[in-house]
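Student: So the chains spell out like this:
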Amino acid sequence: AQSVTQLGSHVSVSEGALVLLRCNYSSSVPPYLFWYVQYPNQGLQLLLKYTTGATLVKGINGFEAEFKKSETSFHLTKPSAHMSDAAEYFCAVSDRGSQGNLIFGKGTKLSVKP
Amino acid sequence: GAVVSQHPSRVICKSGTSVKIECRSLDFQATTMFWYRQFPKQSLMLMATSNEGSKATYEQGVEKDKFLINHASLTLSTLTVTSAHPEDSSFYICSADRTRGGGYNEQFFGPGTRLTVL
Numbered sequence: 001a002q003s004v005t006q007l008g009s010h011v012s013v014s015e016g017a018l019v020l021l022r023c024n025y026s027s028s029v030p031p032y033l034f035w036y037v038q039y040p041n042q043g044l045q046l047l048l049k050y051t052t053g054a055t056l057v058k059g060i061n062g063f064e065a066e067f068k069k070s071e072t073s074f075h076l077t078k079p080s081a082h083m084s085d086a087a088e089y090f091c092a093v094s095d096r097g098s099q100g101n102l103i104f105g106k107g108t109k110l111s112v113k114p
Numbered sequence: 001g002a003v004v005s006q007h008p009s010r011v012i013c014k015s016g017t018s019v020k021i022e023c024r025s026l027d028f029q030a031t032t033m034f035w036y037r038q039f040p041k042q043s044l045m046l047m048a049t050s051n052e053g054s055k056a057t058y059e060q061g062v063e064k065d066k067f068l069i070n071h072a073s074l075t076l077s078t079l080t081v082t083s084a085h086p087e088d089s090s091f092y093i094c095s096a097d098r099t100r101g102g103g104y105n106e107q108f109f110g111p112g113t114r115l116t117v118l
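Chains A and B, in that order, give the protein sequences. The numbering of the first sequence is the working numbering, which starts it at 1 and goes up by one. The numbering of the second sequence is the working numbering, which starts it at 1 and goes up by one.
A short, non-exhaustive set of chain A residues, derived as facing chain B with CB atoms under 10 Å:
#, residue
1, Val4
2, Tyr32
3, Phe34
4, Asn41
5, Leu44
6, Leu46
7, Ala92
8, Ser94
9, Asn101
10, Ile103
11, Phe104
12, Gly105
13, Gly107
14, Lys109
Short, incomplete list of chain B residues facing chain A, as computed with Cβ under 7 Å:
#, residue
15, Ser43
16, Leu44
17, Ile93
18, Phe109
19, Gly110
20, Pro111
21, Gly112
For the record, the hints were derived by calculation from the structure and aren't laboratory data. The C-beta atom is built at its ideal place from N, Cα and C for all residues, glycine as well.
With the sequences and hints as input, model every part of the structure.
Tutor: In structure tokens:
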């Protein structure tokens, strides 16, 4: 069975500071890993994904994440936070052998202080 | 490309009535669509997997007779909440599966439907 753990339900940073959102996964097979962002009362938007190949993945809006198999982690980072980054962020894992079923973490709410 | 729409975006209904929510893939065909439910400040919980031309697969604990799913075409899946009660109030999100090659499919999410049952 697969699972995702997001450490910290709420992260607060100052504008311009580093953003680090943590995600650890559990999977018995090589996983596909995703980060989604959700703004209030909206659906999910894909930020980035890891499937195969390069373990450092760059996404939209300046975000990136690194797949570390030895640590079973896929932490999301951004060098400099913007006010517009304030949102809910979800990490998800998919079994590459499945039909695309996603298992989501509980989410991390990012607040950005001026 | 890969746009998924949901209609309506917001619905308020009386207890005991039924509500239908549509999920459409606008620029691609989706043999599989997923329905999620999201409670306030919580993650998405998969309710069911909708397969075109066949019966939906429901997750454990989801009442199939209450949440009717129909996937009649490759671009449309509907979720009908029957005899709605206040506890059914939630944010319902659909996603459509698109084959990307390389052995995996990618889900594209709709904007969600906010259901409020009075």
